[in-house]
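The lines below spell out each chain.
There are 2 protein chains.
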Amino acid sequence: MNHGKNCQDGKQRWAIALHGGAGTIPRDSSEARKQQHIVALTEALTIGRDILAQGGTSLDAVEQVVRYLEDCPLFNAGRGAVFNREGVNELDAAIMDGRDLSAGAVAAVRYVKNPISLCRRIMEDGEHVLMAGRGAEAYARNSELELMDDAYFHTEYRYNQWQRELEIPTAAVNRGTVGAVAMDVRGNLASATSTGGLANKMPGRVGDSPVIGCGTFADNTTCAISCTGNGEEFIRKTVASRIALQMELKAQSLDDAMKDVVMNRLSRDSGGVIGVDAQGNAVLHYNSAGMNRGAADSTGRFQVAIWEW
Amino acid sequence: MNHGKNCQDGKQRWAIALHGGAGTIPRDSSEARKQQHIVALTEALTIGRDILAQGGTSLDAVEQVVRYLEDCPLFNAGRGAVFNREGVNELDAAIMDGRDLSAGAVAAVRYVKNPISLCRRIMEDGEHVLMAGRGAEAYARNSELELMDDAYFHTEYRYNQWQRELEIPTAAVNRGTVGAVAMDVRGNLASATSTGGLANKMPGRVGDSPVIGCGTFADNTTCAISCTGNGEEFIRKTVASRIALQMELKAQSLDDAMKDVVMNRLSRDSGGVIGVDAQGNAVLHYNSAGMNRGAADSTGRFQVAIWEW
Numbered sequence: 001m002n003h004g005k006n007c008q009d010g011k012q013r014w015a016i017a018l019h020g021g022a023g024t025i026p027r028d029s030s031e032a033r034k035q036q037h038i039v040a041l042t043e044a045l046t047i048g049r050d051i052l053a054q055g056g057t058s059l060d061a062v063e064q065v066v067r068y069l070e071d072c073p074l075f076n077a078g079r080g081a082v083f084n085r086e087g088v089n090e091l092d093a094a095i096m097d098g099r100d101l102s103a104g105a106v107a108a109v110r111y112v113k114n115p116i117s118l119c120r121r122i123m124e125d126g127e128h129v130l131m132a133g134r135g136a137e138a139y140a141r142n143s144e145l146e147l148m149d150d151a152y153f154h155t156e157y158r159y160n161q162w163q164r165e166l167e168i169p170t171a172a173v174n175r176g177t178v179g180a181v182a183m184d185v186r187g188n189l190a191s192a193t194s195t196g197g198l199a200n201k202m203p204g205r206v207g208d209s210p211v212i213g214c215g216t217f218a219d220n221t222t223c224a225i226s227c228t229g230n231g232e233e234f235i236r237k238t239v240a241s242r243i244a245l246q247m248e249l250k251a252q253s254l255d256d257a258m259k260d261v262v263m264n265r266l267s268r269d270s271g272g273v274i275g276v277d278a279q280g281n282a283v284l285h286y287n288s289a290g291m292n293r294g295a296a297d298s299t300g301r302f303q304v305a306i307w308e309w
Numbered sequence: 001m002n003h004g005k006n007c008q009d010g011k012q013r014w015a016i017a018l019h020g021g022a023g024t025i026p027r028d029s030s031e032a033r034k035q036q037h038i039v040a041l042t043e044a045l046t047i048g049r050d051i052l053a054q055g056g057t058s059l060d061a062v063e064q065v066v067r068y069l070e071d072c073p074l075f076n077a078g079r080g081a082v083f084n085r086e087g088v089n090e091l092d093a094a095i096m097d098g099r100d101l102s103a104g105a106v107a108a109v110r111y112v113k114n115p116i117s118l119c120r121r122i123m124e125d126g127e128h129v130l131m132a133g134r135g136a137e138a139y140a141r142n143s144e145l146e147l148m149d150d151a152y153f154h155t156e157y158r159y160n161q162w163q164r165e166l167e168i169p170t171a172a173v174n175r176g177t178v179g180a181v182a183m184d185v186r187g188n189l190a191s192a193t194s195t196g197g198l199a200n201k202m203p204g205r206v207g208d209s210p211v212i213g214c215g216t217f218a219d220n221t222t223c224a225i226s227c228t229g230n231g232e233e234f235i236r237k238t239v240a241s242r243i244a245l246q247m248e249l250k251a252q253s254l255d256d257a258m259k260d261v262v263m264n265r266l267s268r269d270s271g272g273v274i275g276v277d278a279q280g281n282a283v284l285h286y287n288s289a290g291m292n293r294g295a296a297d298s299t300g301r302f303q304v305a306i307w308e309w
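If you're matching them up, the sequences are chains A and B in order. Numbering of the first sequence is given in this note's numbering, commencing with residue 1 and proceeding in unit increments. Numbering of the second sequence is given in this note's numbering, commencing with residue 1 and proceeding in unit increments.
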């Protein structure tokens with residue numbers, strides 16, 4: 001899956017990949033619902049492509065793509081976040097800048113319309129990296145970020161999903177996350193991830209998305225990574241930093257390192273990973289039934305898919 | 001610093017190391033205060049040594065050592081936790097089992113007397129790994145763990161330190177963390193870390209301690225690691241998993257990998273790391289002025305120190 005390398009006739013390279021969760025859409029979903037996802041993924045990818053093609057930064061691209069996916073009720077992040085065991089939406093997110101490893105992350109926050117922009121504010125403030133719960137909400141309030149009441153996050157689809165989950169727990173399929181990774185024309189990498197976490201999770205449960213080195217990572221010398229899947233397993237196996245360090249310490253390609261981790265180290269049906277490397281290769285692997293995803297680059301690649309490309 | 005290897009005449013090997021924060025004690029502290037630290041470190045190390053020498057598990061050893069340090073008001077964890085910007089004590093902790101990478105962690109919790117035991121409960125429950133804030137406190141309440149009101153955490157030393165900090169901010173020295181790593185006679189590795197975080201931190205700020213792969217990590221195939229220092233930098237550089245992966249992917253010794261990360265990759269005066277490997281080598285490095293620390297093993301090693309051994 002080595003798109004975009006050495007085939008650009010001097011044009012400035014850029015690349016982006018995004019995901020909207022792995023294993024979340026049953027293959028027997030209605031055509032209308034599948035189509036809604038494809039349309040939303042296409043719109044998100046277009047936002048990122050346009051920013052990068054116009055010379056914008058990878059940070060802006062991943063933030064804006066994730067904001068779109070947070071605002072779209074189809075995906076488990078922001079507005080479309082799943083409900084936890086008490087019927088509340090608690091959100092996790094992280095952003096990372098591959099230039100200097102600066103990062104911002106939030107865990108178990110409520111009310112914040114766009115957690116990814118709160119992460120960016122924390123990163124740019126520079127004092128702290130990770131903020132949780134009440135304190136992160138107070139920080140958002142002081143930063144004049146947009147806050148919403150519970151009703152905003154109360155989408156009918158997720159509420160009904162939660163009610164079914166209370167009857168017949170099937171946590172394995174009720175996960176999802178959104179994320180984006182990008183390389184801009186200056187060769188800078190960035191990653192962003194945002195999620196409502198596991199459906200019916202315990203209040204306070206935090207997944208891998210805001211855990212730097214697990215669900216989110218970016219380092220210009222190797223790659224930018226965003227994960228989606230069984231958060232507990234992605235934390236214990238430090239998935240994102242393992243992919244980056246297999247590239248750095250074993251001289252593996254992004255494709256080889258990611259494939260090894262997703263196919264050999266993660267248990268079957270645990271999720272997926274997207275990444276870009278410093279040469280502008282956008283790579284996507286998953287070991288679940290499907291992954292909402294897309295990739296575009298300066299060679300003209302522009303693909304979105306749920307199952308096979 | 002390769003103690004304990006190949007010199008045991010068939011005796012069953014075990015090893016333990018602990019820390020009580022890096023760079024926290026000025027060299028011109030009173031002799032009485034230095035002595036208090038040495039006595040406490042000695043008592044903590046004795047608890048761990050006794051558990052391991054009697055064939056106990058590394059998990060029990062690291063949990064009990066950290067509980068002692070949490071209860072001791074001298075150290076920035078549990079009772080002796082520093083105050084945040086609003087005069088509140090918010091605690092972070094994690095525990096990890098090198099046998100199967102299972103882990104439990106809490107971020108920004110209040111009221112919990114022994115956060116490390118809450119982490120162990122979360123780990124053994126097995127449903128989630130990381131829990132934050134309100135939800136983690138509710139979990140502690142439901143688990144019948146001991147809760148304390150704010151007065152318990154209101155130690156005069158930390159309160160005065162916070163008052164001085166409000167006048168003249170010097171965040172760089174007002175950090176500290178406690179941790180322990182151990183190998184038991186079955187060769188199983190475990191790690192535990194607990195902290196009150198940065199003095200005068202923003203409410204909700206979470207450091208590296210509960211971030212698996214950054215402040216805490218354990219994997220029987222490589223090492224168990226616990227960090228203390230500038231949490232934001234330890235997160236961005238994924239310190240613990242980098243040490244483990246330099247061992248796994250570059251065949252470095254624990255001593256070489258840790259020295260490289262602490263001395264070459266972390267900025268000066270950022271903190272320290274302790275670790276044990278699967279051969280029972282206990283290794284401790286720091287790049288700050290000093291580190292409250294101790295190490296013991298089945299060869300008879302038993303050392304505690306703040307500056308030089």
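Calculated from the structure, these hints are not laboratory results. Please note that the accuracy of each hint is not assured.
Since copy identity is lost for identical chains, a pair holds within one copy or between any two.
Said to hold, decoys possible - Within a straight-line C-alpha distance of at most 20 Å, the following computed EDC-like cross-link-like pairs (lysine to aspartate or glutamate) qualify:
{"hint": "1", "residue 1": "Lys-250", "residue 2": "Glu-43"}
{"hint": "2", "residue 1": "Lys-250", "residue 2": "Glu-146"}
{"hint": "3", "residue 1": "Lys-250", "residue 2": "Glu-233"}
{"hint": "4", "residue 1": "Lys-259", "residue 2": "Glu-248"}
{"hint": "5", "residue 1": "Lys-34", "residue 2": "Asp-256"}
{"hint": "6", "residue 1": "Lys-113", "residue 2": "Glu-156"}
{"hint": "7", "residue 1": "Lys-113", "residue 2": "Asp-150"}
{"hint": "8", "residue 1": "Lys-259", "residue 2": "Asp-28"}
{"hint": "9", "residue 1": "Lys-259", "residue 2": "Glu-144"}
{"hint": "10", "residue 1": "Lys-250", "residue 2": "Asp-260"}
{"hint": "11", "residue 1": "Lys-250", "residue 2": "Asp-149"}
{"hint": "12", "residue 1": "Lys-113", "residue 2": "Asp-28"}
Only a predicted model underlies this, so the values are computations on that prediction, with no experimental measurement involved.
Cross-check of the supplied hints:
Taking the shortest alpha-carbon separations for Lys-250 and Glu-43, neither the intra-copy value of 37 Å nor the inter-copy value of 43 Å comes in at or below 20 Å. For a Cα distance limit of 20 Å, the shortest separation of Lys-250 from Glu-146 qualifies neither inside one copy, at 44 Å, nor across copies, at 47 Å. In the homo-oligomer, the alpha carbons of Lys-250 and Glu-233 never lie at most 20 Å apart, since the shortest distance is 23 Å inside one protomer and 24 Å across protomers. Proximity of Lys-259 and Glu-248 under a CA criterion of 20 Å is satisfied in both settings, with 16 Å inside one chain copy and 18 Å between copies.
Taking the shortest Cα distances, Lys-34 and Asp-256 never come within 20 Å of each other, neither inside one copy (30 Å) nor across copies (52 Å). For the identical chains of this complex, Lys-113 and Glu-156 are intra-copy neighbours only, at 17 Å inside a copy versus 40 Å across copies, given an alpha-carbon limit of 20 Å. With identical chains, the CA atoms of Lys-113 and Asp-150 are at most 20 Å apart within one copy only, with a shortest distance of 10 Å there and 32 Å across copies. In this assembly of identical chains, the alpha carbons of Lys-259 and Asp-28 never lie at most 20 Å apart, being 27 Å within a copy and 54 Å across copies at closest.
Proximity of Lys-259 and Glu-144 under a CA criterion of 20 Å is satisfied in neither setting, with 41 Å inside one chain copy and 43 Å between copies. Taking CA atoms no more than 20 Å apart as the test, Lys-250 paired with Asp-260 passes in both settings, with 12 Å inside one copy and 17 Å between copies. When the C-alpha separation of Lys-250 and Asp-149 is checked against a cutoff of 20 Å, the pair qualifies neither within a copy, at 48 Å, nor between copies, at 50 Å. Taking the shortest Cα distances, Lys-113 and Asp-28 never come within 20 Å of each other, neither inside one copy (31 Å) nor across copies (50 Å).
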